[in-house]
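Colleague: As you go down the protein sequences, you meet chains B and X in turn.
All residue numbers for the first sequence refer to our numbering, where the first residue is 1 and numbers rise by one.
All residue numbers for the second sequence refer to our numbering, where the first residue is 1 and numbers rise by one.
Derived from the structure by calculation, the hints contain no laboratory data.
Treat the hints with care, as some may be off.
[Said to hold, decoys possible] A few chain B residues facing chain X, derived, Cβ under 7 Å:
(1) Ala140
(2) Tyr146
(3) Met153
(4) Leu290
(5) Ser317
Cβ coordinates follow ideal geometry from the N, Cα and C atoms, glycine included.
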Amino acid sequence: MSRNTWFELLRTGVAIAAALTIGFVVTSLVSESPVEAFGYFLKGPFTSIRRFGSFLEAAVPLTFTGLAVSLVFSAGQFNMGAEGQFFIGAVAATAAGVFLDLPPVIHTIVCLAAGMIAGAIGGFIPGVLKARWNASELVASLMLNYVFLKLGMYLITYHLRDPSAGALVSLPLKESSWLPQFTRTTKLHAGIFVMFLVVFLCYYFLYRTSRGYEARMTGQNLSFARYSGIPVLKVILLIQVLGGAVAGLGGAVEMLGIYRRFQWQASPGYGFDGVIIAILARNNPLLVPLAAVFLAYLRVGADVMAMYADVSAEMVSIIQAVIILLVTAEAFLAGYRHRLTLKEVKQRASAS
Amino acid sequence: MHPLLKAVFSASFAASILRVTTPILFASLGAVVADLSGVVNIALEGMMLISALMGVIASAFTGSAWVGFLAGVASGILVGLVLGYFHLKLRTNVILAGIALNLLAAQGTVFVLYAVAHDKGVSSSLPSKVMPEVQLPIIKDIPVLGAIIGKQNILTYLSLIAVVVVYLFLYKTSFGLRLRAVGENPDAADSVGISVHKVRFIALAISGALAGMGGVHLSMGYVSWFSRNMTSGRGYIALAAKALGRNHPIGAFLASLLFGVTDALSNYMQSLRVPGEFVQMIPYVVTLVVLAVYSGRQLKWGRFSNE
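Work the whole structure out from these sequences, hints included.
Modeller: As structure tokens, this is what we get:
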């Protein structure tokens, strides 16, 4: 293992440990029995098969948004649109699942494509605003998140709503559009194969194609990329569209795999978790599923804790924020890295 | 005349524009101060949210609206200093640090609300206070103008005063000059003995204080309770207003007014028979369109900025 990889692993580990410690301190501020509550949080995902299942299920949408954010971060773009793209992708898949009448597998594929296209449009808008008009993709994508949330709720309320249902939910998805679930106890579904395929494709694109190389170059040093003749504006637009497509596909997979009707009233927050995942995975698609599993573990643990103890699940946001802050802090443990480098140099000097 | 047009040209509508502009205006002034010192403060959203909650809690426990106001401002400053610590001392990417703080604010406020009020939605069980409304003695009797600015929340007046104060501070004081110098060229500023870190810390604290006032207005002026995610993107809209206003306090004021108009319009249209979801989209769509139209010039090999 190279010194750098070792150092990054160490730093991530220390950041997570620090975050969990702070999480525990906050828990003990509000809880009557903090040790017990925090125990539920840490052990929660392993306490029953159903919970272990929901822990793995939650890793699927998180992997998609983590990949989407990793793609755009690789090109140095701060597109925060994964949240809205995921949401509108789910709405588009719902529309295709409710209205179309197609044979089983084809119907599923069409629904997934619908989600992907909706998400891609969500990536195209901030991308084109940035590439053509130099408008901040950060602000544009944040605004677009709200637009997509409202637009999605409008479509569900006025065009897809099931009038016979008591709550605000869509008409049921046709069975031909479902992604099959493996067992009855968990909702683990065939979308996981789509997920692994996309993980591989994202990796292949970023590290094995020239466009992917150009994107990473653009992210590392925009001026250098431009002077070496890379069409940076095209690359930025492309990467934002691809990121949007992946996030939208994630929304569609989640909808077809887990739900039988659209029933969200608010955005489920996978997009912002995608940011944390991309940071933990250092934008490497192959590491994204691992980071997603970790985030899913935090989510499910927090839910179990909220169910059995007097601490609400939002506690986990404190842990998440500390992880982002410390993992991305360049100066965090920099002194240690410095000493490590010094030691190595001295060793080499004495060896020669 | 069409009822919508009639309403839009009424004095009470103009008054409501000022009311909904207030929080965006405070935050966009905060964005200007941070930006001119060379820091993109996207934590404004989280700052407002935290201040809105802290104001409600402090006023409920002390029975004083002003203590609530101070608590809100103080928490805004505190978040600004935390952002400064991570960005300046630990060299965290400022956008990622801002995102982390916004995430923390969005859910952390719900966490605290639940711990204090045992409710995850609104704080209405807390006996929180509101900032007083003020009547301007002579102006209130002037026709039309009196109806518009004669009687408003004290924070609305404060936000208008803040425009002038921030302008004077940035362009007429020596510290303002130093602040802008740091933003313009930190190395040059450093070479003449200005501490870049210190100036940026102070800028972030001021930015936090302004965003904090905006937050307090939301929960203790605009309405009289805290509800989860009540900022609903106003901190981000403020960033757009800052860009639209060319990083100038007066420009930010005019841009905030524009967003205030769309906000007030969407509030009003909700009472008509337009689907609510559509109407609520208006401020965000307008921001997007304005961002595109205004950024204006097409790029060939143009400059890039990541903010």
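Colleague: Against each hint, give a clear statement of whether it holds in the structure.
Modeller: We went through each hint and held it up to the structure:
Among the interface hints, the one on Ala140(B) holds; its C-beta lies about 6 Å from the nearest C-beta in chain X, closer than the 7 Å criterion. Interface restraint check for Tyr146(B): the shortest CB-CB distance to chain X comes to about 4 Å, inside 7 Å, so the restraint holds. Among the interface hints, the one on Met153(B) holds; its C-beta lies about 5 Å from the nearest C-beta in chain X, closer than the 7 Å criterion. For Leu290(B), the shortest C-beta to C-beta distance to chain X is roughly 20 Å, which exceeds 7 Å, and the interface hint is violated.
For Ser317(B), the interface hint holds, the least distance from its beta-carbon to any beta-carbon of chain X being 3 Å, beneath 7 Å.
Checked against the numbered hints above, the structure breaks only hint 4 and satisfies the rest.
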